[in-house]
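Visitor: Top line first, the protein sequences correspond to chains A and B.
Here this note's numbering is used: the first residue of the first sequence is 2, the next is one more, and so on.
Here this note's numbering is used: the first residue of the second sequence is 828, the next is one more, and so on.
It is worth saying that the hints were derived from the structure and are not from the lab.
Think of the CB as a built atom: it goes at the ideal place given N, C-alpha and C, for glycine as much as any other residue.
Where hints are given, some of them may not hold.
Here are the in silico distance ranges between beta carbons for each label pair [what the hints assert, rightly or not]:
no., chain 1, residue 1, chain 2, residue 2, range
1, A, Thr214, B, Ser972, 37 to 43 Å
2, B, Ala1156, A, Leu151, 46 to 52 Å
3, B, Gln907, A, Ser12, 51 to 57 Å
4, B, Pro848, A, Asn144, 33 to 39 Å
5, B, Pro925, A, Leu17, 45 to 51 Å
6, B, Tyr899, A, Thr214, 55 to 61 Å
7, B, Pro925, A, Met189, 34 to 40 Å
8, B, Tyr899, A, Ala332, 26 to 32 Å
9, A, Lys238, B, Pro925, 19 to 25 Å
Away from chain A, derived, C-beta distances all over 10 Å, residues of chain B [what the hints assert, rightly or not]:
no., residue
10, Ala901
11, Arg911
12, Gly976
13, Glu1062
14, Arg1079
15, Gly1087
16, Leu1143
17, Ala1183
18, Ser1185
19, Leu1186
20, Asp1190
21, Arg1195
22, Gly1205
23, His1209
24, Asp1256
25, Met1333
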Amino acid sequence: MSRFQRFPTASPRRILACRAAALFVAIAIVGLVLAACGRNVGELGRLVLISTIGSRFGLEDLALFMSPLLLTGSAVTVTRRMGLWNIGGEGQFYLGAVGAAGIGLFVHGPAILILPLMALAAMLCGMAWIALPALARAFAGVNEIITTLLLNFVASLLVYWLATGPWRDRVTGALASSGRLPVSIPDMWGVVHWGFPLGLLIVVGLAAVMSSTRWGYEVRISGASAGVARYAGMPVKLRIISAMLLSGALAALAGMFEVAGTVHRLQGGMADNFGYLGIVVAVLARGSCLAVIPAALLMALILDVGIVLQTQQVAATAVLAITGLVLLLVAIADECAHYRPVTPAIVRPARSAS
Amino acid sequence: MTLPGGTPPVLQLQGVSKYFPGVIANEDVTLDVRPGEILGLLGENGAGKSTLMNIVTGIYQADAGEIILDGYGAEFASPQDAIRAGIGMVHQHFKLVPAFTVAENIHLGWSETPKWTSKAVLEARTRALSERFGFPVDPSARVESLSAGEQQRVEILRVLSREARLLILDEPTAVLTPQETRELFAALRAFRATGNAVIIISHKLDEVMDITDRVTVLRAGRNVGTWNTADCSPEMLAATMVGREISRQNLRVRSGDAVGVSDVPVMTLRGVGVRNERNVPTLSDVTLDIFGGEILGIAGVAGNGQRELTEVLTGLIAPSSGVILLDGASAPDNAAAFAAAGVGHIPQDRLNSALAPSLGITDNMALREYGQPPIGGGALYHGGAARSLAEEIATTADVRIPDFAMPVRNLSGGNQQRLVARREIRIADRVLVAAYPSRGLDIGAIAAMHGYFAALRDKGVAVVIVSEDLGELLSLSDRLGVLCGGRLMAVLDAAEADIERVGLLMAGRGGAS
Ligand SMILES: Nc1ncnc2c1ncn2[C@@H]1O[C@H](COP(=O)(O)OP(=O)(O)OP(=O)(O)O)[C@@H](O)[C@H]1O
Ligand SMILES: [Mg+2]
């Protein structure tokens, strides 16, 4: 006799297999819906494939989408480990962009010096932006979800004001952005800049920090049980603050990469939801740092597909719908991965004399 | 075994088996419970008692076998099904919502809760239920502010209000004071008198002898037999559970190469007082010397300052008045430094304050030693070394673990306790503070742990044991302190202490020694 039973742990391989199935189902559903709308699904599919993984330009686009997602995704993952949510990736992304643009626009020097300085300034700005929520959480228990979220709107407006006001482009007279930065992150492959491999490296480094440092262990314990952290005498407040600051710095670095690698100016709306999508990436990665990489890839694919579909007159909101569908199916797949058929080790007759 | 003709058993299990990865939790268990009886379910830690009852109440599904209710086959897909069929369970670890009031907890997830209602209505309904079943509770109190005994009353009331005919209690007396236990037993007898049935899991054999009509013993997941309690003796039950005789040695006798009691105290409290958040004193003016190489018992009715005393002794809270000296120097001010100085702590509520239930066994076992080599040292954490430590602790604690990444909450209650105890004994070079250490342990494990305490004492470590079990305290301690109302009434020489005197001190009389 064998039956399905829910197990407390699911091996990564099972989760992966179930998720692959979920993606397959998602593709099938999207295809069916498009077909029902009278689209030529075969033709659309060919187009999507070519313009994502089927061509060099597609791959370049994917990498460009992935770089910020890697960082904002790990930003949220870091706080998840502590049992917290940083919903403010968007705001810290903006502040990172502001910090980086500030240095880029007003400090002049060789790129080899200016770029690290920009990264530093970006991270400091991001940390400063999350500092208030972090302190309020650590010392007053103020819910960080609300505080980090609200600061996003402030940050977005701040960038609009800077880009259209004091820092606006006086050379070309463009009204919506700052002037072009004199330095930029060098490209390594087509339009893909060195921020992409750096982002991958940061994710791997972060995974190492989480699993093999004392800090990572303390964050894991404090995040899992406040009672135990107190019992073991761990500095929980410090861990809350440091994890949140690290998270802010990571999201801000994404902003710096975007300013110095892709956009080359400070622009209103430039965060493009990357901060919020970082939450999706973190949820897909289930709190594991390394899993942020495939999760970011998946998210980048969805974004890319969305753009292709838009050029084919499919509504922009379709991207949101597809994202939602994928998330839902992946959640179901994760749950399914916990079920395994079990066969009793020794099969006995149900009745026996006692 | 034949049934007295006529009434079918309330519940019958036929060849029930349950397997977890790498573990046979239950195999081929057959038992029955009749109307109007209290059945005891006994067995060592990890014998599968909780799992079996979780199958009966629909939390787990059996891999083989049948559940027969009132003579008809039944299958419960969820706890709700079991409740509808009249089976209610009070779990080893309570399942109440701490932030909710008693009335809200009683009405949570209950089909008879009025759809539109108010606080006052819920509280009135709760009051009526509490009178009807004879379980006094305060409907408006928040559950987190209640003592363990009070929380348990809420749990039982919750189950009874759903018209349970079969009440299952998983180690109900582990967290109760003797007085609360007597009240519980009186209520259970009243419940039985109306033709209902009870299954009670317990490791306390004298209670089993007192309350049950029949006992069933599980060993390694299998049913080894069912007896009428009148035909049993505690010794015989113990031997059946463990599968061998348990030898009791006199633990007060020190081994030949014992270090002996130190001349200077390892820890000293001078006029120590603690106030809670509402500024009410919960511990007042405690002055106490604790010497290396002695076992100091702390007796008292629960809630008289035991928690505060253990937390002060382990650095979890700083006293609001008085001083604490560790080895003659003023003590550090945080729990980590106390642990590093060799103060181990087995706290009252292990699952939530000594273990992170959702994390793996490895992470949980590294809790005390992650700061030093081989696991730590500098800023690093070596997962491999942590794993070997966890394996070592599990081996010495005699706990079989199929998967070290498995969340620690999947271990049986007693096995969690064994692991915590071993982890703390490892680091206790100076002092070990153990609160209710034998709670949840089977007899064999209690004997083993008492042996460890004696060995620590012989090594020159000071062992402080907080317990309500005077028998346990008197058999182990060199000296016995008595707490009442947050005051240390007296510290007696255990060899000369008589139970009557201690009883009076626990009630707050006859102080001034
Ligand atoms: N969800 C689970 N996943 C894996 N193993 C489990 C799970 N629940 C229980 N077990 C294992 O099944 C065995 C029986 O556990 P159970 O909790 O029934 O013991 P018990 O008799 O209640 O012991 P105790 O007296 O210590 O409470 C143990 O080895 C335990 O580790
Ligand atoms: Mg149990």
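Visitor: Now tell me if each hint is right for this structure.
Guide: To see whether the hints hold, each was checked on the structure:
1. Checked against the hint of 37 to 43 Å, the C-beta distance between Thr214 of chain A and Ser972 of chain B comes to roughly 39 Å, which is consistent with it.
2. Between Ala1156 of chain B and Leu151 of chain A, the C-beta spacing of about 49 Å keeps the proposed range 46 to 52 Å intact.
3. Take Gln907 of chain B and Ser12 of chain A: their Cβ atoms lie about 31 Å apart, and the range 51 to 57 Å is violated.
4. In this structure the hint that Pro848 of chain B and Asn144 of chain A lie 33 to 39 Å apart at CB holds, the actual value being about 38 Å.
5. Remark: the range hint 45 to 51 Å for Pro925 of chain B to Leu17 of chain A is contradicted by a beta-carbon distance near 37 Å.
6. Between Tyr899 of chain B and Thr214 of chain A, the C-beta spacing of about 59 Å keeps the proposed range 55 to 61 Å intact.
7. A hinted range of 34 to 40 Å for the beta carbons of Pro925 of chain B and Met189 of chain A is inconsistent with their spacing of about 54 Å.
8. A C-beta distance of roughly 38 Å is found between Tyr899 of chain B and Ala332 of chain A, which places it outside the suggested range of 26 to 32 Å.
9. The hint said 19 to 25 Å for the Cβ distance between Lys238 of chain A and Pro925 of chain B, and at roughly 22 Å that hint holds.
10. With a cut of 10 Å on Cβ distances, Ala901 of chain B stays outside the contact zone with chain A, its closest approach being about 15 Å.
11. Remark: the non-interface label on Arg911 of chain B is consistent with the geometry, its nearest Cβ contact in chain A lying 22 Å away (cut-off 10 Å).
12. Listed as a non-interface residue, Gly976 of chain B keeps its Cβ farther than 10 Å from every Cβ of chain A; the least gap is roughly 21 Å.
13. At the 10 Å boundary, the C-beta of Glu1062 of chain B stays outside the reach of chain A, the nearest C-beta of that chain being 24 Å off.
14. Every CB of chain A is more than 10 Å from the CB of Arg1079 of chain B (nearest about 31 Å), matching its label as outside the interface.
15. With a minimum CB-CB distance of about 31 Å to chain A, Gly1087 of chain B clears the 10 Å threshold, and the non-interface call stands.
16. Listed as a non-interface residue, Leu1143 of chain B fails to keep its Cβ farther than 10 Å from every Cβ of chain A; the least gap is roughly 7 Å.
17. Listed as outside the interface, Ala1183 of chain B is inconsistent with that label: its C-beta sits roughly 4 Å from the nearest C-beta of chain A, within the 10 Å cut-off.
18. The Cβ of Ser1185 of chain B does not lie farther than 10 Å from every Cβ of chain A; its closest approach is about 5 Å, which violates its non-interface assignment.
19. Not every beta carbon of chain A lies more than 10 Å from that of Leu1186 of chain B, the smallest distance being close to 5 Å; the non-interface claim is violated.
20. Here Asp1190 of chain B does not stay apart from chain A, with its beta-carbon only about 7 Å from theirs, under the 10 Å limit.
21. Annotated as non-interface, Arg1195 of chain B brings its C-beta within 10 Å of a C-beta of chain A; the closest such distance is 7 Å.
22. Its closest Cβ contact with chain A, about 8 Å, brings Gly1205 of chain B to no more than 10 Å, contrary to its assignment away from the interface.
23. The beta carbon of His1209 of chain B sits about 7 Å from the closest Cβ of chain A, which is not more than 10 Å, so the claim that it is off the interface is violated.
24. Distance check for Asp1256 of chain B against chain A: the nearest CB is about 17 Å away, which clears 10 Å, and the non-interface claim stands.
25. For Met1333 of chain B, the requirement that its beta carbon stay farther than 10 Å from each beta carbon of chain A is met, with the minimum near 28 Å.
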